Amino acid sequence: MPYTITDKIWQSHEIAREDEFSLLYIDRHLTHEVTSPVAFSDMRQRGYRVRRPDLSLAVMDHNVPTDSKENPTMDDLSKKQMDALWDNSKTFNVPLLDFYSPYQGIIHVIGPELGFSLPGLTIAAGDSHTSTHGALGSVAFGIGTSEVEHVFVTQTLWIKKPKQFRIKINGKTRKGVSAKDLALYIIGKIGTGGGIGHIIEYSGETVSDMEVEGRMTLCNMSIEAGARSAIIEPDEKVFSYVKDAPLAPKGQEWEEAVDYWKSLKSDPNARYDKELEVDASSIKPMVTWGTNPSMVARVDGNVPDPSEIKDQTLKDEYERALKYMGLKPGQKITDINVDYVFIGSCTNARLSDLIEAAKVLKGKKVSKNVKALAVPGSEWVKRKAERMGLHRIYIDAGFEWRHSGCSMCIAMNSDRLPPGKRSASTSNRNFENRQGPGGRTHLVSPAMAAAAAVYGHFVDLADVDIAEVL
Amino acid sequence: MPEKIEGRAIPLPLDNVDTDQIIPAQFLRLLEKKGLGKYLFYRWRYDERERPKSDFVLNDPRFKDGSVLVAKKNFGIGSSRENAVWALTDYGIRAVIAESFGDIFYGNSIKNGLACIKLDEKTVNEIIEKAKDGNLSVTVDLLNKKVIFDGKQVSFEIEEYARRRLMSGQSEIDYTLSHYLDKIEEHEKNMKAFMKTNLSETLKKLIEG
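These protein sequences, in sequence, are chains A and B.
Residue 147 in my numbering sits at position 147 of the first sequence, with consecutive numbering throughout.
Residue 7 in my numbering sits at position 7 of the second sequence, with consecutive numbering throughout.
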């Protein structure tokens, strides 16, 4: 019987089954300060211990300040939550990358970067964007706090095996079109619920040609289409991405691992519950105009006009979204002015993202009406970027060059979009109030965000000079 | 968790109610799950000066003691925050009826005894319509897999595992440990070398700089 990569990884990790649910062994468990405290306090009360601290890794990311390490802006609640993770990691012997660690960063950036996440593994984290790690060829799930506790104590998870949805992407992308645009295009097509109950397997030549960090963006955004997770077959690009990572296997173990990873291909006749084919060559840079990521348009397109929509629920939803966003029906996307630009988040803050935006920024200045923030995905990414001199390009253009953290994606620290202000953001959610109460978010790629910073409104990258920065 | 849940229906006729709306991120910094009900739908429920907005259903006195929330498609999409479920249960919601649910939210609801019941669009719309004046009582019968309202009975489908967990209320961790510990140990003995690589030493070096 032909199997998909998901089937193969599932079979080698399923310990038991009860009706539709599998008891799945979890090889790697990542945790952060926001979704873990209730799990740890329950464990204390009930006398549980962490079964495999050696397969666990904690990091502070969600509410860490990004302005300074010496003199950070931090409120009491955030500090309490970070202190709690520090105490818990000591009590339960879980390795922690704290606020001051040179390897601190966003959970979904540091996992692959350190080689903690690898192909062929099952990975879980108390964070919805854990699907990111599927880009390495692993089965990765975002979980809730009760499940975080279950994984800590048992190293397993009760989970229904998702149905499988293959999205084949073929064709060469146009100038300025990135993985983020493909992701937004797909979400626009299948909707916020299009992936519910499914793991999306991306394949096709566009995906094979794509670098590993772009694949992470694609897998990361799959949760915004409602998908339970996402996965891509591992290949040579993935092997070289993880090869020199500190926690990757070495020597004989590495050779054995690669041999095994090469077997993780979906068999030619494997069956999928759902399929979609996408022609990448037809896609333009994308900009969201509404209050969920499926409300998206091409940069050369327009905001929709609700009066042209027949379905009453959809019409109401669009009207509500336009009202919140302060946009006019039919308005041109390129006529939308922005006040803030945020380049960051687990979606788009890896080195290649920072490079793509820098290519647009080099030798240009941020528009005088725009406040712009660059927040590298990890402290290591930040150092790598600085070694290339990228920080100079950002700072010279008028960006603030920050320390790593989730920052203005979730606005749990002091990086917030003020009420009524409009952002071009490389993050993943344009929900109401997401970047700050009353804030208006437009999701875009890093290069699109950089261009919006320079021009003060959205522009088609086809019309923008893109410099070499290397 | 009882086999039957009965309560006043609260209509929330919206698609895509995400967990950021159910409970905004600023309240995720609290270290406990108790007491989150007052932050449920915070930005829809209160204005900037924290006064109740009269046009939001939870502020309508007719629905004050409601315990069965009825929404449309994709309820609970977005963030994995279990706080969304805790806010609903702490407020007094015991069941949510919708056309579909976000996967992580749905998983979280099972662990907390919040019954999430999927019904077709037509039935959901009918319940929402009938619930509008605040006088509709809805019963979710988990034992017989039926939703009962206005003299009607509608069957629903639910995973057996989820139904058992909702009705038993037993700790899932204790259950796993008492039934499957030997299998977990056996699996750990057979893991491939790269899967169980002792990470601790390298990590320790990284952490210590």
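For the record, the hints were derived by calculation from the structure and aren't laboratory data.
Bear in mind that the values here come from a model prediction, so they are computed numbers and not experimental data.
All residues carry an ideal CB built from backbone N, CA and C; glycine is no exception.
Please note: incorrect hints may appear among the correct ones.
[As the list claims (entries may be wrong)] Mimicking DSS-like on lysine-lysine, the simulated pairs with C-alpha atoms at most 30 Å apart in a straight line are: (1) A:237 <-> B:204; (2) B:38 <-> A:80; (3) A:250 <-> B:38; (4) B:118 <-> A:315; (5) A:160 <-> B:204; (6) A:90 <-> B:145; (7) A:237 <-> B:196; (8) B:33 <-> A:161.
[Unchecked claim] In silico negatives: residues of chain B with every beta carbon more than 12 Å from chain A: (9) 38; (10) 52; (11) 59; (12) 80; (13) 83; (14) 91; (15) 132; (16) 134; (17) 135; (18) 146; (19) 151; (20) 176; (21) 207.
Note to self: For residue 80 of chain B, is the shortest CB-to-CB distance to chain A above 12 Å, so the non-interface label stands?
What the structure shows: 4 Å, violated
Q: Starting from residue 118 of chain B, check that the Cα of residue 315 of chain A is at most 30 Å away, please.
A: 23 Å, holds
TODO: Measuring Cβ to Cβ, find out whether residue 176 of chain B lies farther than 12 Å from everything in chain A.
DONE: It is violated; residue 176 of chain B is separated from chain A by about 5 Å at its closest Cβ, not greater than 12 Å.
Does residue 204 of chain B lie within 30 Å of residue 160 of chain A when you go C-alpha to C-alpha? 35 Å, violated
* Asked: Was residue 52 of chain B rightly flagged as not at the interface, with every chain A Cβ beyond 12 Å?
  -> The assertion about residue 52 of chain B holds, with a minimum of 16 Å to chain A.
Note to self: Holds or violated: residue 237 of chain A and residue 196 of chain B, Cα atoms, limit 30 Å.
What the structure shows: It holds: about 23 Å lies between the C-alpha atoms, which stays within 30 Å.
**Q.** Straight-line alpha-carbon gap residue 33 of chain B to residue 161 of chain A, limit 30 Å
**A.** Holds - the C-alpha atoms of residue 161 of chain A and residue 33 of chain B are around 28 Å apart, at most 30 Å.
* To do: Mind checking the alpha carbons of residue 38 of chain B and residue 80 of chain A for me, to see if they're no more than 30 Å apart?
  => 21 Å, holds
So is residue 132 of chain B really clear of chain A, every C-beta pair being over 12 Å apart?
It holds; residue 132 of chain B is separated from chain A by about 15 Å at its closest Cβ, greater than 12 Å.
| query | With d taken as the least Cβ-Cβ distance between residue 38 of chain B and chain A, does d exceed 12 Å? | reply | Since the minimum Cβ distance to chain A is about 16 Å, residue 38 of chain B lies beyond 12 Å and the statement holds.
Against chain A, does residue 151 of chain B hold up as non-interface, every C-beta pair farther apart than 12 Å?
Consistent with the label, residue 151 of chain B stays out of reach of chain A, its closest Cβ about 27 Å off (over 12 Å).
Query - Holds or violated: residue 90 of chain A to residue 145 of chain B, with C-alpha atoms at most 30 Å apart - result: 46 Å, violated
Going down the numbered hints, you'll see the structure goes against 3, 5, 6, 12, 13, 20, 21, while the others check out.
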